[in-house]
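Please model the entire structure based on the sequences and the hints provided.
One letter stands for each residue in the lines below.
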Amino acid sequence: MKQNSRARVLGRIRQALLDAPPSPEPARDYLTAHTPDDKAVILDLLHENLADYRANVHRTTETDLPALVAELLDRHGAQTIAVPPGLPVAWLSETTAQQHHDTDSLLTPHELDTTHAVITSCALAIAETGTIVLDSGPGQGRRALTLVPDLHICVVRAKDQVVGSVPQALPRLDPTRPQTWISGPSATSDIELDRVEGVHGPRRLDVVIVTR
Amino acid sequence: MSGTFIGMPAFPKAAHEAVRDATLRANLRHATHTIRDKRAVAVAELADWAELREAGKQIKTETLRNLDTYLVQLEEAVTAAGGTVHWAADAAEANRIVTELVKATGESEVVKVKSMATQEIGLNEALEAEGIRAYETDLAELIVQLGEDRPSHILVPAIHRNRGEIRDIFRDTMGRWGRPAPEGLSDSPAELAEAARLHLREKFLRAKVGISGANFMVAETGTLVVVESEGNGRMCLTLPETLISVVGIEKVVPTWRDLEVFLQTLPRSSTAERMNPYTSTWTGTTDGDGPSAFHLVLLDNGRTDALADEVGRQALRCIRCSACLNVCPVYERAGGHAYGSVYPGPIGAILTPQLRGTTSEVDASLPYASSLCGACYDVCPVAIDIPEVLVHLREKVAEEGGKGHRLEKAAIKASTWVLDHPGVLSAGERIASATRKLHPRKLPGPGARQWTESRDLPDMPAEPFRDWWKKNRT
Ligand code: SF4
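Just so you know, the sequences run in chain order H and L.
When you line the first sequence up against the UniProt record's numbering, it's residues 1 to 212, in that order.
When you line the second sequence up against the UniProt record's numbering, it's residues 1 to 474, in that order.
The reader is advised that the hints may include incorrect statements.
Stated by the list, open to error - No more than 25 Å apart at the CA atoms, straight line, and that leaves these computed lysine to any residue pairs for SDA-like:
1) LYS159(H) with LEU170(H)
2) LYS39(H) with LEU46(L)
3) LYS38(L) with PRO189(L)
4) LYS159(H) with GLU94(H)
5) LYS208(L) with ASP289(L)
6) LYS103(L) with ARG201(L)
7) LYS39(H) with ARG54(H)
8) LYS38(L) with ARG203(H)
9) LYS39(H) with LEU65(H)
10) LYS208(L) with HIS100(H)
11) LYS208(L) with ARG195(H)
12) LYS38(L) with LEU31(H)
13) LYS38(L) with ARG195(H)
14) LYS103(L) with ALA81(L)
15) LYS208(L) with THR114(H)
16) LYS38(L) with THR35(H)
17) LYS208(L) with ARG172(H)
18) LYS208(L) with LEU106(H)
19) LYS159(H) with PRO26(H)
20) LYS208(L) with THR105(L)
Claimed, not checked - Distance windows between CB atoms, simulated:
21) GLU310(L) with GLU25(H): 27 to 37 Å
22) THR32(H) with GLU125(L): 19 to 29 Å
23) GLU100(L) with GLY77(H): 46 to 56 Å
24) GLY137(H) with GLU241(L): 16 to 26 Å
25) ARG179(L) with PRO85(H): 29 to 39 Å
Simulated from the structure, these hints should not be mistaken for laboratory data.
Heads up, the beta-carbon is just placed ideally off N, CA and C, and yes, glycines get one too.
Next up, the structure:
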């Protein structure tokens, strides 16, 4: 049955295309980026676009990061935090929040549901669209980690994790890894087009840009 | 293609109909105008929009030209990455495959992320018949499902419901399917969204099977892409043990790099955002991250018929952004339900008759439900020349029908409706643009002569398209 339909669909496609003219290689006359190749400009744009889509954006240094993380967790009243494997230990050195490490025995969906926050690094960030990309690399963990808790703190390294545009981002990403592109917190406009934040994903997204 | 809405959706009692229609039209107008204006701003941000649009068109055209090759490549890549690929020639076969896959898991409920392909094949109904409950998790789809209603817009399917109605639906029906709406639920959108979050979360957390569509499938890598806003997609794609994705064969793109075009044009065309809140990509299965079983059901269901039509095949480039709906003067007045299928608006008018054929009156009439103003072509991010396809399909209907034929009658009725609503025509004239290659001077088919006449009549139709349709269909 399955084989039959495969042959049938492919046969129909070939039949349908018998008279079709050959199609040239697509022209790619569009821009690689819409932003000048200037680190400071790109960083400001990332900041601006993240904030425009209602992420809370902070800038800090490597040294001050642990204090800021502790403060953000406090500010949101988060007493428990999910921690992906490979997250630098120092980042959580100043918080008193209880840490749930997603290591050998993975946290269940219900355990994640009762965890207030999650902190991750990222694969990269895209300035023009205000997007952070997670690819489950070190310090990011599996996809469910950043989905179920209500607060997501994401740390972006300005030095080498920020690109200007989508065309600049894709070649740096490995499609075999599961990815989540995040542009602001979850949102809906389904009710009379009124925008409401935080439907199913984290209701708050705090992006910390570490500069130096 | 099943799921024909002939007889039209079961709207509440006749007594309320007039009111409901006023609500529907007002909501629709507000929605389409708001999104349309925002889209223009989002598009204007990109100086190379025309080039992105042209690239999108060419990538899709080249893909369709070599569709067999790319599908085989996709199948190999998905299989190599741990997924299983199924081929479904039609809706019945796709439903059977999915039903069997769900049954094999031993589960009797699934969570679903909004997917036009599964609506097109009537999957929920097919599962229901086998004792499997499919929970829609998109907020709008939840509203539609709980209200036992039909979606009316690709992007905002519950746009015909206002907040008070949604509150009532939640209050009256949520308890039947799971966690009831909170006591004293108000009609504020934030509270309604919160009620949906609580209601659905318990379903996500216990879900063992998720069902999705996909916006793109990358042939070279076997990667699937889902673009969304709410996070329900991530829930369905990530938390269950088994994931089943039902995707039309035209959704394939050759390379990972090709996404650089569509991930720029789709969000801006669709929700008028620089980027939608969440985009998920996955390739087969990944140990310790997400579902351990992944099934991809490749769906034909009439697409190869469209592919065989040298003019009509361009409709398969569609990336379902819904921009064409929001600029369409006919859609704005007729509403999404009038199109009699899951694909409303201009894209529905050219896609549905090709997927289903034009042998039924409703499908034969669709190519006539247009003033050919060309606004849809101007906004289309893959440059589908919708008016060109409409004219072409009119010719086909005329050939199939002939004078005095029931199809011709259906066509005349649709044309007459457009002609009787000069708001449609004048709006069309207002936004008709000089960029179109093709403005047919002479229209084939019935009603052609009257097209050049302009009349000055009220903006809103005396009766909604669907009422008219009910009364007039044979
Ligand atoms: S036809 Fe074009 S504008 Fe309409 S939904 Fe499809 S891609 Fe968008």
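Going through the hints against the structure:
no. : hint                                 : in the structure
1   : LYS159(H) with LEU170(H)             : 18 Å, holds
2   : LYS39(H) with LEU46(L)               : 20 Å, holds
3   : LYS38(L) with PRO189(L)              : 20 Å, holds
4   : LYS159(H) with GLU94(H)              : 24 Å, holds
5   : LYS208(L) with ASP289(L)             : 14 Å, holds
6   : LYS103(L) with ARG201(L)             : 23 Å, holds
7   : LYS39(H) with ARG54(H)               : 23 Å, holds
8   : LYS38(L) with ARG203(H)              : 24 Å, holds
9   : LYS39(H) with LEU65(H)               : 21 Å, holds
10  : LYS208(L) with HIS100(H)             : 24 Å, holds
11  : LYS208(L) with ARG195(H)             : 30 Å, violated
12  : LYS38(L) with LEU31(H)               : 22 Å, holds
13  : LYS38(L) with ARG195(H)              : 13 Å, holds
14  : LYS103(L) with ALA81(L)              : 24 Å, holds
15  : LYS208(L) with THR114(H)             : 20 Å, holds
16  : LYS38(L) with THR35(H)               : 22 Å, holds
17  : LYS208(L) with ARG172(H)             : 33 Å, violated
18  : LYS208(L) with LEU106(H)             : 17 Å, holds
19  : LYS159(H) with PRO26(H)              : 34 Å, violated
20  : LYS208(L) with THR105(L)             : 8 Å, holds
21  : GLU310(L) with GLU25(H): 27 to 37 Å  : 21 Å, violated
22  : THR32(H) with GLU125(L): 19 to 29 Å  : 47 Å, violated
23  : GLU100(L) with GLY77(H): 46 to 56 Å  : 47 Å, holds
24  : GLY137(H) with GLU241(L): 16 to 26 Å : 24 Å, holds
25  : ARG179(L) with PRO85(H): 29 to 39 Å  : 33 Å, holds
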